[in-house]
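When you get a sec, could you build the whole thing from the sequences and use the hints?
2 protein chains.
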Amino acid sequence: MPHNSLSIDYSLRYQRIKLRLMAARQDAIIVINMKNIRYLTGFSGSDGALLVSETEMILLFDGRYTNQVKREVTGIATAEYREKSEGIARIIGEKGYQHVGFEAEYCSFSLLARVRQRVDNGIQLSPLGELDAIRAIKDEYELSCIRQAAKIVAQAVTGIMASLPRNATEQDLAAEIDYRTRLAGAEAMAFATIVASGENSALPHAQPTNRVLSNGDVLLIDCGAVLGGYASDETVVFFIDRITEKQKLVYQAVKQAQEAAIQEIKAGVTARKIDRTARQVLAIYKLEEFFTHSTGHGVGLAIHEEPRLASISESVLLAGMVVTVEPGVYLPGEFGIRIEETVLVKENGCEILTNIPKIPTIINIGD
Amino acid sequence: MPHNSLSIDYSLRYQRIKLRLMAARQDAIIVINMKNIRYLTGFSGSDGALLVSETEMILLFDGRYTNQVKREVTGIATAEYREKSEGIARIIGEKGYQHVGFEAEYCSFSLLARVRQRVDNGIQLSPLGELDAIRAIKDEYELSCIRQAAKIVAQAVTGIMASLPRNATEQDLAAEIDYRTRLAGAEAMAFATIVASGENSALPHAQPTNRVLSNGDVLLIDCGAVLGGYASDETVVFFIDRITEKQKLVYQAVKQAQEAAIQEIKAGVTARKIDRTARQVLAIYKLEEFFTHSTGHGVGLAIHEEPRLASISESVLLAGMVVTVEPGVYLPGEFGIRIEETVLVKENGCEILTNIPKIPTIINIGD
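Quick mapping for you: the protein sequence lines, in order, are chains B and S.
Each residue of the first sequence is one higher than the one before, starting from 1 at the first, in this note's numbering.
Each residue of the second sequence is one higher than the one before, starting from 1 at the first, in this note's numbering.
It is possible that some hints are incorrect.
Identical copies carry no separate label here, and so any pair may be met within one copy or between two of them.
Calculated lysine to aspartate or glutamate pairs in the DMTMM-like style (CA-CA distance at most 20 Å, straight line) [unchecked claim]:
1) Lys70 / Asp9
2) Lys35 / Asp9
3) Lys70 / Glu199
4) Lys35 / Glu140
5) Lys84 / Glu105
6) Lys70 / Glu334
7) Lys346 / Asp139
8) Lys95 / Glu80
9) Lys84 / Asp120
10) Lys358 / Asp241
11) Lys286 / Glu334
Don't read these hints as lab results, they were simulated from the structure.
Following this line, the structure appears as structure tokens:
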């Protein structure tokens, strides 16, 4: 989708899932998560299934997607079904798979029950953990999508902030960001854009309200674009007309926590350590208790994916992973500050992929 | 959310799910589908669970939603969890439920396995079919939301069509529709707005492309707004600069099919009959084979819900149900026509809730 000459090496992706197949000692895996299916085949529909064996992948879809599959999928076997369990059971029978694993986090109890009913008694269906980690290391094509998504959204946000309209509500501003981002070529927003002003900024998962932006407000914006299926994600905080000493101090603390975390990021470091670093900096300022979520998450075809930068994460960062770094401090009833970049893990450090300058910018409401 | 004095009677909704509980002969039901949870409690978060017994409902949520639950939920017991299966198992244990049903279509294999591990051995967990049908009959509050959503989106679309900009792409037009709809107060779009021009209109599930709108194009727009959580849904077809005889004939056939179907709608009629009626009209024109999807679906908190107006549907229409009626004819490589209204089923007929006039309007590209 980005206007460049990069292409996707699906055979490499097939090798990745085959490693999982072999580790699970199955004849085949039923892939259910549509993000994994898109990653492995290019099919971007919202329903389907994929069977992966040691010799081939077979994409299963229903009649709504006949044209789309033709357009999007090449070099991979495909088969249409009337009902998903019927399609899955048919291929298992035809191919003679005996031991079949399935994505237990994404497979509903009903779908599994229907497949079980339709296949021969001897066939073993076994729950597998998530396969999502196969998507964690990005290739050049994926990075170019994320870079371009980040560029588009940065232009939209900075353009709007240069002349913030009078009497705009949080909802208006969110609509404006989305509008400009999409006119600039984004396929969609990566998630519902967060615009939180004043004390609403103290809610980590605020949804835009009809609150009118006013002088003295903290203005927190968290948004991302989708390009070629890939998401960007960043959070920037502005101050309307003025900034208080307290806001400045909290901003600097969060900024320092984020910079320390980013400084730590390179291949081989544990995700847990990045999270701990951010918390340790906030602890210096007695602000740790107000940082109520984890430090970051992988970004790609899904807005939240592997690895998680959390205190309980078991992940180790590897070159090519793309993660957010987004410490925040939320002072209930007062204001909140979150600063977020999307970064690419490299052998000896990391590269920031997002573009909006993360400085405590004071903006003005226009005439 | 609509500016009126209507309110939601949650006790009535609780009675509805209690009927299902009694029919299933369980001590409690684990509700997983977030639309059902919102319907029963008012909680609009994107993760959680609900336990329903004969004496109470208990909403389970994680720490991300503490504030939101306080704001949105009153008169219903709530409990926070660290991990969903832990929360569910804890309440089952505390309350001493022995026979517990769960929504098998929405419960992942993993979640069920984790709950099973955590509860006492004697406790029976039984798969239940969908509970979504409890939401099928709308009350006055729900109808007022849908009506207002439909009004907002109609104003946006007709406003844009009055002066279609030069060199606009399908993507631009979709962004413009969404922008105006949201500025007018919609919380979100009901689904990704479809703008399909020229031969793209022959794809029933087209996604907006960068194709530039030009004279001679069929222009199909399928969109809806969300207000108070409730969706509207309609499809309108315009003709840019001119209309061919063939386009006119197909339009009239689809319109006739839709009107015949709408004519049939009233309480007591089977959903299947509505679908058949639309097909029979298209068969007269030898166009039946180009109508490749079902005639309609329920609309409410979900954009696709019960009942389905399809040939295999078992549903009977009841007063208060809200359904789309949307026959279409798709001529591959040429053009497609779909005409869709959202209608309210009444005792002796139905009422159209959508507002854009469904006539073969010729529009012009501006300067």
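Quick rundown of the hints versus the structure:
In the homo-oligomer, the alpha carbons of lysine 70 and aspartate 9 lie at most 20 Å apart inside one protomer (18 Å), although the nearest pairing across protomers, at 48 Å, exceeds that limit. Taking CA atoms no more than 20 Å apart as the test, lysine 35 paired with aspartate 9 passes inside one copy only; the shortest distance there is 16 Å, against 39 Å between copies. With identical chains, the CA atoms of lysine 70 and glutamate 199 are at most 20 Å apart between copies only, with a shortest distance of 16 Å across copies and 50 Å within one. Taking identical chains as interchangeable, the C-alpha atoms of lysine 35 and glutamate 140 lie at most 20 Å apart only when both belong to the same chain, with a minimum of 18 Å there against 39 Å between chains.
Proximity of lysine 84 and glutamate 105 under a CA criterion of 20 Å is satisfied in both settings, with 17 Å inside one chain copy and 13 Å between copies. For a Cα distance limit of 20 Å, the shortest separation of lysine 70 from glutamate 334 across copies, 18 Å, qualifies, whereas the shortest one inside one copy, 54 Å, does not. Taking the shortest alpha-carbon separations for lysine 346 and aspartate 139, only the intra-copy value of 12 Å comes in at or below 20 Å, while the best inter-copy value is 56 Å. Taking identical chains as interchangeable, the C-alpha atoms of lysine 95 and glutamate 80 lie at most 20 Å apart only when both belong to the same chain, with a minimum of 16 Å there against 46 Å between chains.
Taking identical chains as interchangeable, the C-alpha atoms of lysine 84 and aspartate 120 lie at most 20 Å apart only when both belong to the same chain, with a minimum of 17 Å there against 34 Å between chains. Taking the closest pair of Cα atoms, lysine 358 and aspartate 241 come within 20 Å of each other only inside a single copy of the chain (17 Å); across copies the shortest separation is 48 Å, beyond that limit. For the identical chains of this complex, lysine 286 and glutamate 334 are intra-copy neighbours only, at 16 Å inside a copy versus 66 Å across copies, given an alpha-carbon limit of 20 Å.
Checked against the numbered hints above, the structure violates none of them.
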